[in-house]
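Work out the full structure: start from the sequences and follow the hints.
Chains as they are written, first to last, in this note's numbering: chain U, 30 to 329; chain X, 25 to 249; chain H, 224 to 758.
Calculated directly from the structure, the hints in this document are not laboratory data.
By construction, the Cβ of each residue, glycine as well, lies at the ideal position given by its N, Cα and C atoms.
Do not take every clue at face value.
A few chain H positions that, by computed beta-carbon distances, are all more than 10 Å from chain X [what the hints assert, rightly or not]:
hint	residue
1	Ile393
2	Leu406
3	Arg415
4	Thr434
5	Val452
6	Phe469
7	Ile548
8	Ile664
Cross-link-like lysine-lysine pairs, in silico, PhoX-like; alpha carbons within 25 Å at most [stated by the list, open to error]:
hint	chain 1	residue 1	chain 2	residue 2
9	X	Lys60	H	Lys335
10	U	Lys220	U	Lys265
11	U	Lys258	U	Lys273
12	U	Lys265	U	Lys214
13	X	Lys158	H	Lys329
14	U	Lys187	U	Lys258
15	H	Lys731	H	Lys329
16	X	Lys218	H	Lys335
17	H	Lys499	H	Lys754
18	X	Lys60	X	Lys212
19	X	Lys102	X	Lys60
20	H	Lys335	X	Lys212
21	H	Lys754	H	Lys731
22	X	Lys60	H	Lys329
23	U	Lys220	U	Lys157
24	U	Lys109	X	Lys60
25	U	Lys187	U	Lys220
26	X	Lys218	U	Lys109
27	X	Lys151	H	Lys451
28	X	Lys97	H	Lys451
29	U	Lys157	U	Lys265
30	X	Lys60	X	Lys158
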Amino acid sequence: MSNSHDNHGHGSHGEGHGHYIIPDATIYKTLGALLVLTGITVGLSFVHLGTWNFVVGMLVAAMKAYLVASIFMNLSHDDKSNSVIFVSGFFFLAIFIGLTAPDFLFRGDIFTEGKQIMLPVKGVSQFKRPWEPTPEIVAHGKAIFMQQCVSCHGPEGKGDGPAAAALVPHPRNFTSADGWGNGRKPSQIFKTLKEGRPGTGMASFATIPAEDRWTLAHYVASLGPNVLKDTPEDLKAAGVDTSKDTLGDTEAPSIPITAAMKILDAETAKDGLKGNIKPGHDDLEGYGERVEARTFNPNL
Amino acid sequence: MSHASVPAGKYNADNPAPHHFGHHFESAEHEFSSAKQGMWLFMVTEVLMIGAIFVGYLLFRLRFPEAFHEAHKELNVKLGALNTVILIISSATMVLGVTAAQRGNNRRSIGMLITTIFLGGCFCLVKYFEYTHKFHEGIFPGGLYHFEGLTVPHAPLFFSFYFVMTGIHAFHVVVGMCLITWIITRIKRGQISKEFFTPVELVGFYWHFVDLVWIFLFPLLYLLG
Amino acid sequence: MAHTAEAHGDNYLNHEKGLWSWMTTVDHKRIGLMYLASVCFFFFLGGIFALIIRLNLMHSGHPVVDANTYNKLMTYHGAIMVFLVIIPAIPASIGNFVLPMMLGAKDVAFPKLNLASYYIYLAGATFACLALFLGGADTGWTFYTPYSIRTGGGVILVIFGAFVAGFSSILTGLNFIVTIQKLRAPGLTWNRLPLLLWALYATSIIQVLATPVLAITLVLLIFEHVFKVGIFDPALGGDPVLFQHFFWFYSHPAVYIMILPAMGVISEIIPVFSRKPIFGYRAIALASFGIALVAFIVWGHHLFVSGQSELANFVFSLLTMFVAIPTGVKVFSWVGTMYKGSIRFNAPMLYALGFIELFTIGGLTGVFLATLAIDVHLTDTYFVIAHFHYVMVGGTIMGFVGGMHYWFPKVTGKLYNETVAMWAFISIIIGFNLTFFPQFIAGTEGMPRRYWSQLPEFDLWNTLSTVGSWFLLLGFLMVAWNMIKSAKSGPAAGDNPWRALTLEWQSKSPPPHDNFGPTTPTVTHWPYEYKGANV
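This is the structure we're talking about:
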């Protein structure tokens with residue numbers, strides 16, 4: 030019997046009816062301490078300590094929480110197992126945030142790779158008529174160039190970046206007029222940036238928003254021996270509506286995950302994916318082709 | 025446990041009924057410690073449930089530090105601090121109510137519990153004014169947000185968290201007030217004595233837990249944004 | 224039959240009479256039976272959906288339902304089987320009946336809460352099923368965002384149903400923890416605790432710690448619909464992959480809520496029918512807690528191709544491998560127990576052996592999926608479907624049906640028909656392997672999951688699989704018929720037909736209202752001392 034009593038966790042309650050009752054004085058002292066700590070947190074929030082604001086704020090909150098749990102909730106005089114139970118909750122919460130953060134904060138996509146590939150905010154445009162070069166636009170293009178292009182094309186655009194040696198064919202030398210596959214006009218460079226050059230090391234940079242891509246195209250064009258200009262027809266072919274001041278949402282941004290999510294989102298919102306596949310006995314003929322097509326065309 | 029057999033009107037707060045513990049327990053003490061352990065386990069589930077939104081909040085705050093910083097300035101620190109003080113005092117009155125019940129002083133216990141409900145009501149009132157002010161300005165969660173004064177991208181997410189976290193907390197406050205009302209009626213019916221005060225103590229735990237949540241919510245949302 | 228009833232006198236079945244006495248009962252045994260009836264009902268409902276799904280996929284080009292209906296059937300099969308069947312199956316039905324009796328207690332710690340849990344479960348089930356008539360849900364049981372935010376309103380009801388049912392699970396877990404902590408009979412030390420109770424304890428810990436996260440996830444998902452909070456909605460700056468973290472922080476541990484109790488049942492059955500002490504008692508008990516702990520650190524392996532960061536993929540792939548250790552310990556201990564035992568092939572033992580076979584296949588294919596590079600190819604193929612059906616049906620349902628046979632004499636006081644039970648088992652084991660093994664092959668060949676129609680190349684595997692599902696149906700119908708018929712008119716079982724040593728068998732069959740009558744049982748020995756024990 031004594032054995033079972035130990036196991037029932039009666040330990041701290043074994044001594045008759047001695048339930049611990051918190052003295053009033055302790056309650057008032059704790060109340061005072063909690064109010065003082067509240068004052069300290071509010072006061073500290075007006076002092077600028079950088080990230081330490083957060084640390085100190087949370088420490089003070091933890092102290093308050095400790096006071097409430099140990100005195101008001103009487104954990105200090107209670108069965109130890111109850112403290113273990115309560116603290117275990119926070120332990121598992123720590124696991125939750127500790128293992129979600131390695132994903133959430135290290136996703137390697139738009140949120141961590143810098144401003145150039147941030148999704149353009151709808152309706153907010155940095156430049157008016159980005160297809161027409163201005164010194165500001167070219168400077169902006171240069172800034173992107175220095176981040177995104179130098180590793181292959183080199184700091185002066187001569188095709189001599191650190192990675193150039195490993196690439197066959199070699200990256201384009203922008204200071205020479207020779208060998209441009211798509212042409213040297215800004216609209217043609219824009220096309221290369223958007224689509225890449227299959228069979229070469231030049232990948233698609235469609236992940237850079239269209240407006241920024243235009244500035245980059247102007248900068249690259251400016252490196253050449255003579256700067257070519259786009260005709261209205263060129264611009265029209267590149268999808269620019271010259272009657273407007275901005276590019277508008279002519280392109281779906283293609284950014285890993287986030288952009289994919291956005292497209293998916295738009296498509297499901299259109300109700301377009303629902304109910305378009307209807308079985309019927311008469312169109313079972315040619316079923317094989319239909320399935321074949323469906324695997325490649327999500328809209329069928 | 026089984027008060028069904030007690031004739032109505034025989035017992036009251038000054039003359040409580042003797043307590044009969046459940047047939048599967050060895051003693052009243054055994055029943056009490058089991059109930060208390062159950063309550064702590066329940067509070068762990070609350071820690072995980074509310075804690076999970078804290079996790080979401082912290083992660084988004086780390087991802088969009090500037091947006092969250094700008095957005096938090098829209099919150100009214102004075103009202104937040106006032107509510108913190110109200111809840112802390114209500115926690116103290118709750119303990120005073122519980123200890124009074126433990127000593128068998130049911131009159132004082134009822135008084136303290138009514139004060140606690142009143143303070144809970146004050147908290148909700150302040151919250152109501154904060155909410156309506158925000159709605160009036162056009163500050164709504166996420167997709168419904170149309171406040172002109174702050175157009176930083178992702179700022180609406182901050183308010184999504186603000187409304188969800190404080191809303192769920194306020195829901196707990198209201199549930200707590202209902203529970204306190206319930207134990208007051210039990211005291212009045214003479215079902216609580218210094219031999220049996222389990223429900224009072226457990227509801228007290230719940231109320232302190234609600235206070236604990238606010239202790240973290242206040243600096244996270246209002247002060248450190 | 225009147226004879227046996229008189230011989231046993233007052234028991235929990237005839238202690239009170241009438242439907243109302245059942246609906247208001249706080250007796251854990253009756254609540255366990257009510258759970259059992261509900262779980263079986265939903266198992267057959269979810270099973271019918273599965274049969275229609277299989278029928279639809281049997282021949283490419285011959286669908287029996289249209290694509291939208293198919294999506295709903297698939298969602299309902301998953302949601303019902305997970306939330307209403309395998310999560311409550313063993314803890315809430317068998318556990319409720321057996322747990323207090325194994326402890327030598329008169330009831331669970333909070334009997335009224337126990338009844339409330341049952342009604343909360345029913346309420347959750349009602350909400351989920353109501354949605355069937357209100358447009359239904361077509362998201363799959365995982366409710367992934369952003370689709371679940373955009374699709375019709377029926378999904379809100381299903382989500383709310385799962386949310387409510389989750390509280391039933393939390394409260395049952397809470398009740399069990401306190402019961403095991405506080406209500407053990409004199410002499411029942413931790414080292415004498417039956418392994419089913421260790422398993423249920425570990426399960427309850429997961430239920431209490433993980434389910435609340437699901438609850439808040441589902442609340443946030445409802446808020447996405449109603450208030451457009453946008454936390455999981457990429458269109459509003461939220462993060463849909465975060466939803467998957469929230470969802471799987473619960474739903475991966477939930478897999479162990481499903482399998483741990485089955486492991487507990489198997490640990491009870493094997494020593495009884497091998498007439499040998501369990502091998503590695505402490506190892507099995509500790510492994511239950513090891514699994515419960517590891518359960519919380521591996522959820523990210525469901526997100527390998529969701530756009531999760533490389534870093535997290537690496538960490539979760541590594542951590543997932545740890546699951547194999549405690550599960551391996553268990554399987555080896557069961558095999559070690561049977562070694563040189565005098566094995567009796569009664570139905571419970573057959574199901575235990577079936578469990579070991581199927582669970583081992585399911586577990587080992589899990590190691591494939593945990594390996595990051597292989598998982599990229601196998602994600603969202605039928606390989607995954609086959610893997611988790613081997614674990615969930617081959618594991619949990621085998622344990623559940625085995626447990627039903629094992630405790631049938633205790634619950635009803637009658638014996639089931641051993642011949643029918645054996646043929647039912649044969650039908651189930653053949654049907655199961657025929658249904659799900661071809662899916663491994665089709666999956667490695669690239670057959671995608673959740674598609675309404677499949678390519679003709681997979682016809683052979685799909686046809687085999689569909690035919691297998693009919694054997695499964697036949698087997699489960701035979702089990703149901705055997706149980707119902709034997710409960711009505713089976714021969715009297717006696718108090719301890721298996722000569723088992725755990726406490727519940729020391730009571731009468733069926734047990735009296737307060738389990739052991741006026742005396743409290745006292746435990747003096749370990750429950751697995753079978754050598755020379757002629758009880």
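Status of each hint after checking the structure:
1. Ile393: violated (5 Å)
2. Leu406: The claim breaks: Leu406(H) does not keep its Cβ more than 10 Å from every Cβ of chain X (closest is about 7 Å).
3. Arg415: holds (19 Å)
4. Thr434: violated (7 Å)
5. Val452: violated (4 Å)
6. Phe469: violated (6 Å)
7. Ile548: holds (26 Å)
8. Ile664: holds (40 Å)
9. Lys60(X) / Lys335(H): holds (16 Å)
10. Lys220(U) / Lys265(U): holds (12 Å)
11. Lys258(U) / Lys273(U): Holds, at roughly 19 Å.
12. Lys265(U) / Lys214(U): holds (13 Å)
13. Lys158(X) / Lys329(H): Violated, at roughly 55 Å.
14. Lys187(U) / Lys258(U): Given pair Lys187(U), Lys258(U) holds - Cα atoms ~21 Å apart, limit 25 Å.
15. Lys731(H) / Lys329(H): Holds. Lys731(H) to Lys329(H) sits at ~14 Å (cutoff 25 Å).
16. Lys218(X) / Lys335(H): Distance ~24 Å between Lys218(X) and Lys335(H) Cα, so the pair holds.
17. Lys499(H) / Lys754(H): At roughly 6 Å apart (the allowed maximum being 25 Å), Lys754(H) and Lys499(H) satisfy the hint.
18. Lys60(X) / Lys212(X): Holds: Lys60(X) and Lys212(X) sit about 23 Å apart, inside 25 Å.
19. Lys102(X) / Lys60(X): violated (37 Å)
20. Lys335(H) / Lys212(X): OK: Lys335(H) and Lys212(X) at ~23 Å, within 25 Å.
21. Lys754(H) / Lys731(H): Measuring from Cα to Cα gives roughly 24 Å; hence the hint holds.
22. Lys60(X) / Lys329(H): Holds. Lys60(X) to Lys329(H) sits at ~20 Å (cutoff 25 Å).
23. Lys220(U) / Lys157(U): Since the Cα atoms of Lys220(U) and Lys157(U) sit roughly 20 Å apart, the hinted pair holds (cutoff 25 Å).
24. Lys109(U) / Lys60(X): holds (12 Å)
25. Lys187(U) / Lys220(U): holds (20 Å)
26. Lys218(X) / Lys109(U): Holds, at about 24 Å.
27. Lys151(X) / Lys451(H): holds (21 Å)
28. Lys97(X) / Lys451(H): Roughly 22 Å separates the two Cα atoms, so the pair holds.
29. Lys157(U) / Lys265(U): Since the Cα atoms of Lys157(U) and Lys265(U) sit roughly 17 Å apart, the hinted pair holds (cutoff 25 Å).
30. Lys60(X) / Lys158(X): Roughly 40 Å between the alpha carbons, so the hint for Lys60(X) and Lys158(X) is violated.
Of the numbered hints stated above, those contradicted by the structure are hints 1, 2, 4, 5, 6, 13, 19 and 30, listed in ascending order.
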